[in-house]
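Enquirer: Sequence:
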Amino acid sequence: MNPQQPPSASTRPDPPATAPFAEHGSRPNHVAQPATSGPAAAATTGPKQQKGKGKDSNPNPPQKQPQSKKAMKKAAAAGTRRDIQGPGSGSELYKRMNFLMQAAQLMAHQAGHIAPVQPQTQAKPKGKAGAKGKRARTTPRVAKSSPLAAVARHLGREMMMTARKNALKIDPSVKHSMCRRCWTVLVPGLSMQVQVLEPYNKATEQQPATQPANPAAMDVDEPETPSPAISKPASTPAITQTCSNCGFTRGHPVRPGYVPFHDRAAVVEEPPTQ
Numbered sequence: 001m002n003p004q005q006p007p008s009a010s011t012r013p014d015p016p017a018t019a020p021f022a023e024h025g026s027r028p029n030h031v032a033q034p035a036t037s038g039p040a041a042a043a044t045t046g047p048k049q050q051k052g053k054g055k056d057s058n059p060n061p062p063q064k065q066p067q068s069k070k071a072m073k074k075a076a077a078a079g080t081r082r083d084i085q086g087p088g089s090g091s092e093l094y095k096r097m098n099f100l101m102q103a104a105q106l107m108a109h110q111a112g113h114i115a116p117v118q119p120q121t122q123a124k125p126k127g128k129a130g131a132k133g134k135r136a137r138t139t140p141r142v143a144k145s146s147p148l149a150a151v152a153r154h155l156g157r158e159m160m161m162t163a164r165k166n167a168l169k170i171d172p173s174v175k176h177s178m179c180r181r182c183w184t185v186l187v188p189g190l191s192m193q194v195q196v197l198e199p200y201n202k203a204t205e206q207q208p209a210t211q212p213a214n215p216a217a218m219d220v221d222e223p224e225t226p227s228p229a230i231s232k233p234a235s236t237p238a239i240t241q242t243c244s245n246c247g248f249t250r251g252h253p254v255r256p257g258y259v260p261f262h263d264r265a266a267v268v269e270e271p272p273t274q
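1 is the number of the first residue of the sequence shown in the UniProt record's numbering; add one for each residue after it.
Just so you know, the hints here were simulated from the structure itself, not pulled from any lab data. Mixed in with the good hints there might be a few duds.
[As the list claims (entries may be wrong)] Restricting the straight-line Cα-Cα distance to at most 25 angstroms, the calculated cross-link-like pairs of lysine-lysine (DSS-like) are:
1. K74 with K95
2. K169 with K95
3. K175 with K165
4. K165 with K95
5. K73 with K95
6. K175 with K95
Let's have the full structure, built from the sequences with the hints guiding it.
Expert: Take a look at the structure:
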């Protein structure tokens with residue numbers, strides 16, 4: 001091969017992978033940099049990076065501000081609206097009263113399935129003490145009731161005291177189911193006896209009473225004027241509840257047309273007149 005001829009393509013050395021630096025070792029002014037925008041950037045990022053580009057576009061997302069007390073109170077009030085008792089003052093107290101009432105009812109019903117504890121009595125003494133007819137003494141003074149009955153009375157008393165101390169209103173039907181003396185939960189057939197009393201004074205048709213004759217008007221032929229009949233006021237029948245624990249009796253008159261105040265309509269809507 002002639003040394004003056006240029007080397008062929010097959011014998012030419014491969015170019016370096018990167019562009020050579022200048023002779024003095026400094027970096028060239030124009031160096032290829034990766035594209036940050038445009039279609040070339042989309043090709044280099046790949047499908048996964050493009051999918052999450054919208055979420056991670058802001059490297060410093062804003063942090064959540066702490067809620068104020070007013071916002072927390074509003075959230076708590078909105079949560080209580082979904083509750084059974086609803087929002088408002090005293091909702092926690094009503095929940096406690098409901099629990100005490102339900103527990104007292106449960107204890108009272110369970111007490112009916114347990115045999116009552118009878119007091120233990122001593123045998124009648126013989127000799128002079130027996131001849132005098134002294135009464136037998138009871139060593140332990142045990143009530144003739146189930147042990148759960150005392151628990152029911154305690155729960156009922158706690159429920160009524162909670163309502164009194166916090167000035168809360170109780171439905172009349174709930175009041176009628178509690179003894180006012182010993183706070184026993186009144187369950188018909190278990191802890192109370194129910195009796196219906198007929199009215200004592202019944203309204204009967206009375207015969208009209210005639211007025212006595214006037215001796216000064218004997219010569220005047222006038223018929224006797226009868227006086228109007230006055231009937232006694234009719235008394236309605238009543239339902240009496242007798243507590244089996246203390247014997248307290250309470251009567252409730254029966255009024256068929258009576259509607260409790262809390263069941264009455266606040267506004268009576270009348271049809272429009274044409």
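Enquirer: Hint by hint, note whether the structure agrees.
Expert: Okay, the hints, checked on the actual structure:
{"no.": "1", "hint": "K74 with K95", "verdict": "holds (21 angstroms)"}
{"no.": "2", "hint": "K169 with K95", "verdict": "holds (14 angstroms)"}
{"no.": "3", "hint": "K175 with K165", "verdict": "holds (16 angstroms)"}
{"no.": "4", "hint": "K165 with K95", "verdict": "holds (15 angstroms)"}
{"no.": "5", "hint": "K73 with K95", "verdict": "holds (20 angstroms)"}
{"no.": "6", "hint": "K175 with K95", "verdict": "holds (17 angstroms)"}
Going through the hint list in order, the structure satisfies each hint without exception.
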